[in-house]
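K.L.:
Next come the chains, spelled out residue by residue.
Protein chains: 2
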Amino acid sequence: MDKVSLIHGAGGEMMQSLIGSVFANIKNNNAGGVGLEALDDGAAIPFGDKYIVLTTDSHVIKPIFFPGGDIGRLSISGTVNDLAMMGARPVALTNGVIIPEGFSMDDLKKIVESVDEALGEVGAALVTGDTKVLPKEALDSILINTAGIGIADTPIRDSGLNPGDVIIVTGTIGDHGISIISHREGFKFGTELRSDCAPIWNTVKAALDVGGVTAMKDPTRGGVANVLNEMASKSHVKIVIEEEALPIRQDVKAAADMLGIDPMEVANEGKAVIGVRADKADETLAAIKNTKYGKDAVIIGTVTEGKGVIMKTKIGGQRFIEPPLGDPVPRVC
Amino acid sequence: MDKVSLIHGAGGEMMQSLIGSVFANIKNNNAGGVGLEALDDGAAIPFGDKYIVLTTDSHVIKPIFFPGGDIGRLSISGTVNDLAMMGARPVALTNGVIIPEGFSMDDLKKIVESVDEALGEVGAALVTGDTKVLPKEALDSILINTAGIGIADTPIRDSGLNPGDVIIVTGTIGDHGISIISHREGFKFGTELRSDCAPIWNTVKAALDVGGVTAMKDPTRGGVANVLNEMASKSHVKIVIEEEALPIRQDVKAAADMLGIDPMEVANEGKAVIGVRADKADETLAAIKNTKYGKDAVIIGTVTEGKGVIMKTKIGGQRFIEPPLGDPVPRVC
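Protein sequences, first through last, are from chains D and V.
The numbering used here puts the first residue of the first sequence at 68, with every later residue one more than the last.
The numbering used here puts the first residue of the second sequence at 68, with every later residue one more than the last.
Looking at chain D on its own, in the form it has when it is part of the complex:
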């Protein structure tokens, strides 16, 4: 492969292959602790008796305003959630904004208001930024890169699952991806589908405070299917999911069926997949459900010895859940 293609940026197996063949060659890849080589949600650098967690994400979503959020809210939520997935309280974030010439100043102000509102929900701050403007023939829509730091006592990894653990998902699956695609295609389904875009640190903190969390990952590009496979593979375990337990909204399911897209393979922007010790599972679930963004949390499966991700279907069969090649549509986050 001598050219970069869209699927290389879609969060699935093909992106892992691009990263493996290019970025994995970087030798200066670790500052102590968890570095680039881990390909986790962020890096963790030991500092005193704590860890500084550092993460980054570029947001290229189109349209920039969508039901349930906008690129500003998304940019903060994405970074807050990546920090949270490493067990870190979000502290300070950055925005690198790249704007096409002629962009509406009012829209920019709306985006910045959303940034501020999302920060306020989790007590984080935007502490520095950068602004670039490109000719309109060079760029078609605003892009926002966000980086952030958080503080963790002990970083939580995506590789920490053990046989016997229980898998919790903090809410309904596929809302963001399916709503964006439906909105973009102009589909109407009675109720308007909405993105789940939200900064979920408070939900994650409630789970962490119980003390039984072994692994976390947020199912953005490539969706829950991708995240379960990464967690199973990195933890050297098998995950067994119950199809009946999967929380998928009826309208999301209907839209996904019509679009021919599996809700398990599309991005979520306000959810976490959390591995928990079995003896703490009920208490952790209750703590999560008691938070604003955790009301629909459920246990969806368990961890066993072995490899891969298996789903027990409603009709009593079972099938592999494969990691998708990538999110089925571009510019969803």
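Treat the hints as calculated values from the structure; they're not laboratory data.
Keep in mind that the hints are not guaranteed to be accurate.
[Claimed, not checked] Computed list of lysine-lysine pairs in BS3-like fashion (alpha-carbon distance at most 25 Å, straight line): (1) D:Lys129 with V:Lys320; (2) V:Lys203 with D:Lys203; (3) V:Lys94 with D:Lys70; (4) V:Lys70 with D:Lys129; (5) D:Lys203 with V:Lys356; (6) V:Lys177 with V:Lys129; (7) V:Lys255 with V:Lys272; (8) V:Lys347 with V:Lys362; (9) D:Lys94 with V:Lys347; (10) D:Lys203 with D:Lys129; (11) V:Lys320 with V:Lys379; (12) D:Lys94 with D:Lys301; (13) D:Lys359 with V:Lys177; (14) D:Lys94 with V:Lys359; (15) V:Lys320 with V:Lys356; (16) V:Lys359 with D:Lys117; (17) V:Lys94 with D:Lys177; (18) V:Lys70 with D:Lys176; (19) D:Lys70 with V:Lys177; (20) V:Lys362 with D:Lys177; (21) V:Lys129 with D:Lys70; (22) D:Lys70 with V:Lys203; (23) V:Lys94 with D:Lys272; (24) V:Lys117 with V:Lys301; (25) D:Lys301 with D:Lys272; (26) V:Lys347 with V:Lys320; (27) V:Lys301 with V:Lys379; (28) D:Lys117 with D:Lys272; (29) D:Lys203 with D:Lys255; (30) V:Lys374 with V:Lys301; (31) V:Lys177 with D:Lys94; (32) D:Lys301 with D:Lys379; (33) D:Lys203 with V:Lys320; (34) V:Lys347 with V:Lys305; (35) V:Lys94 with V:Lys70; (36) V:Lys255 with V:Lys320; (37) D:Lys94 with V:Lys176; (38) D:Lys176 with V:Lys94.
Given the coordinates of chain D, work out where chain V should sit on it, guided by the hints.
P.N.:
Using the frame of chain D, we list chain V on its own:
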């Protein structure tokens, strides 16, 4: 003004106005220490008895390979230098890469090699990243956002100048901007002009170790003219520059004259403007000159009571150096 224009991203007064009317409205703007409201080279967050410095920059330069560097080297240098300007040892950096579909895999590998090489020069690491791919009709050239953290004992500010201080520039002025423009326009001037793109932490550290540095800023977009004005304004002092002392390469001057561009108003990518206590000036200058990227360092002026930036000309007159509206050409960094 209801639309964003190119000059809003050009690093001068118009960009300050955009930032002032939009980003300055963010209320969640400080995590303790130096926050967004300071509009410094980065933020500084107290942690134990040190400061975590956090900074970000998006790199949109075109062409991506240029004499003296490429977008990969630039992305690391820009962030390392912003950390250095805050007095912070660069520790851990991120790369958010946005790639147009069809981009050459070999070029991507070359860029990543440059990233690694620049990191190695200052002992920093790339610890996490993000990759997005956009359709080629949406984006014309690769973009890289870099964020980074460093550790400072005490942050150095751009507002710390005091009357009596001496102003040092760590090397020749205008090399990056003038070489990029010349290269883009296909001009030849006998010798090939080269960007000064470099990570200058070791040079800055040599200055800091002497103990007399009062303020620093790197003259990127908007050049030395912009930086001197920002430092004078934020420090509530006047800066007096000697034209005769300004280190400008003969070929840069010739090209700048031909292009009708002032080398003082274009971006540098491997330089610092440093304020130093007068009693430490000679020792600091000697320490800087003893480093790889500081050989052409000189004292260019002094700080007095008053406001603004004055240049004493070679012929014995004097004139104001105004902050430029912006860098004269787009996509120079």
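K.L.:
For each hint, tell me whether it holds in the structure or not.
P.N.:
Now the hints, each set against the structure:
1. Restraint check: the Cα-Cα separation between Lys129 (chain D) and Lys320 (chain V) comes to about 44 Å, which exceeds 25 Å; the hinted pair is violated.
2. Note on Lys203 (chain V) and Lys203 (chain D): the hinted pairing holds, with a Cα-Cα distance of about 14 Å set against a maximum of 25 Å.
3. At most 25 Å may separate the alpha-carbon atoms for a hinted pair to count; Lys94 (chain V) and Lys70 (chain D) exceed this at roughly 43 Å.
4. Distance hint between Lys70 (chain V) and Lys129 (chain D) is fulfilled; the C-alpha atoms sit about 19 Å from each other, no more than 25 Å.
5. At roughly 43 Å between alpha-carbon atoms, Lys203 (chain D) and Lys356 (chain V) are farther apart than 25 Å, so this suggested pair is violated.
6. For the suggested pair Lys177 (chain V) and Lys129 (chain V), the alpha carbons sit about 16 Å apart, so the restraint of at most 25 Å is met.
7. Taking the CA atoms of Lys255 (chain V) and Lys272 (chain V), the gap is about 36 Å. The hint is violated against a cut of 25 Å.
8. Taken as a hint, the Lys347 (chain V) and Lys362 (chain V) pair is honoured in the structure, with Cα atoms around 18 Å apart against an allowance of 25 Å.
9. For a cut-off of 25 Å, the pair hint linking Lys94 (chain D) to Lys347 (chain V) is broken: about 38 Å separates their Cα positions.
10. About 16 Å separates the Cα atoms of Lys203 (chain D) and Lys129 (chain D), which keeps this hinted pair within 25 Å; it holds.
11. Simply put, Lys320 (chain V) and Lys379 (chain V) have alpha-carbon atoms about 18 Å apart, close enough for the 25 Å limit, and the pair holds.
12. The straight-line distance between the Cα atoms of Lys94 (chain D) and Lys301 (chain D) is roughly 21 Å, inside the 25 Å bound, and the hint therefore holds.
13. Using a Cα cut-off of 25 Å, the hinted pair Lys359 (chain D) and Lys177 (chain V) is violated, with the two alpha carbons roughly 46 Å apart.
14. For the proposed pair Lys94 (chain D) and Lys359 (chain V), the alpha carbon gap of about 23 Å is at most 25 Å, so the pair holds.
15. Among the hinted pairs, Lys320 (chain V) with Lys356 (chain V) is consistent with the structure: their alpha-carbon atoms are about 22 Å apart, no more than 25 Å.
16. For the suggested pair Lys359 (chain V) and Lys117 (chain D), the alpha carbons sit about 35 Å apart, so the restraint of at most 25 Å is broken.
17. Taken as a hint, the Lys94 (chain V) and Lys177 (chain D) pair is honoured in the structure, with Cα atoms around 14 Å apart against an allowance of 25 Å.
18. A hinted pair counts as satisfied when its Cα atoms are at most 25 Å apart, and Lys70 (chain V) with Lys176 (chain D) qualifies at roughly 11 Å.
19. The suggested pairing of Lys70 (chain D) with Lys177 (chain V) holds, with an alpha-carbon distance near 14 Å, which does not exceed 25 Å.
20. Our distance criterion of 25 Å between C-alpha atoms is broken by Lys362 (chain V) and Lys177 (chain D), whose separation comes to about 48 Å.
21. For the proposed pair Lys129 (chain V) and Lys70 (chain D), the alpha carbon gap of about 19 Å is at most 25 Å, so the pair holds.
22. Straight-line distance between C-alpha atoms of Lys70 (chain D) and Lys203 (chain V) comes to about 12 Å, which keeps the hinted pair within the 25 Å bound.
23. About 24 Å separates the Cα atoms of Lys94 (chain V) and Lys272 (chain D), which keeps this hinted pair within 25 Å; it holds.
24. The straight-line distance between the Cα atoms of Lys117 (chain V) and Lys301 (chain V) is roughly 24 Å, inside the 25 Å bound, and the hint therefore holds.
25. Taken as a hint, the Lys301 (chain D) and Lys272 (chain D) pair is honoured in the structure, with Cα atoms around 23 Å apart against an allowance of 25 Å.
26. A threshold of 25 Å between alpha carbons decides the hint, and for Lys347 (chain V) with Lys320 (chain V) the separation of about 31 Å lies outside it, so the pair is violated.
27. About 22 Å separates the Cα atoms of Lys301 (chain V) and Lys379 (chain V), which keeps this hinted pair within 25 Å; it holds.
28. Between the alpha carbons of Lys117 (chain D) and Lys272 (chain D) the distance comes to roughly 16 Å, so the proposed pair stays at or under 25 Å and holds.
29. Restraint check for Lys203 (chain D) and Lys255 (chain D): not satisfied, since their Cα atoms lie roughly 31 Å apart, outside the 25 Å limit.
30. Taking the CA atoms of Lys374 (chain V) and Lys301 (chain V), the gap is near 10 Å; set against the 25 Å cutoff, the hint holds.
31. As the CA atoms of Lys177 (chain V) and Lys94 (chain D) are separated by approximately 14 Å, the hinted pair is consistent with the 25 Å bound.
32. For the hint pairing Lys301 (chain D) with Lys379 (chain D), the CA-to-CA distance comes to about 22 Å; that is within 25 Å, so the pair holds.
33. A distance of roughly 32 Å separates the Cα atoms of Lys203 (chain D) and Lys320 (chain V); the hinted pair therefore is violated under the 25 Å criterion.
34. Distance check on the hinted pair: Lys347 (chain V) and Lys305 (chain V) sit about 20 Å apart at the alpha-carbon level, within 25 Å; holds.
35. At most 25 Å may separate the alpha-carbon atoms for a hinted pair to count; Lys94 (chain V) and Lys70 (chain V) meet this at roughly 23 Å.
36. The hinted pair formed by Lys255 (chain V) and Lys320 (chain V) meets the criterion: a straight-line CA distance of about 14 Å does not exceed 25 Å.
37. Under the criterion of a C-alpha separation no larger than 25 Å, the hint pairing Lys94 (chain D) with Lys176 (chain V) is consistent with the structure, at around 13 Å.
38. For the hint linking Lys176 (chain D) to Lys94 (chain V), the alpha-carbon distance of about 13 Å falls within 25 Å, and the restraint holds.
In the structure shown, a violation is registered for the earlier hints numbered 1, 3, 5, 7, 9, 13, 16, 20, 26, 29, 33, in ascending order.
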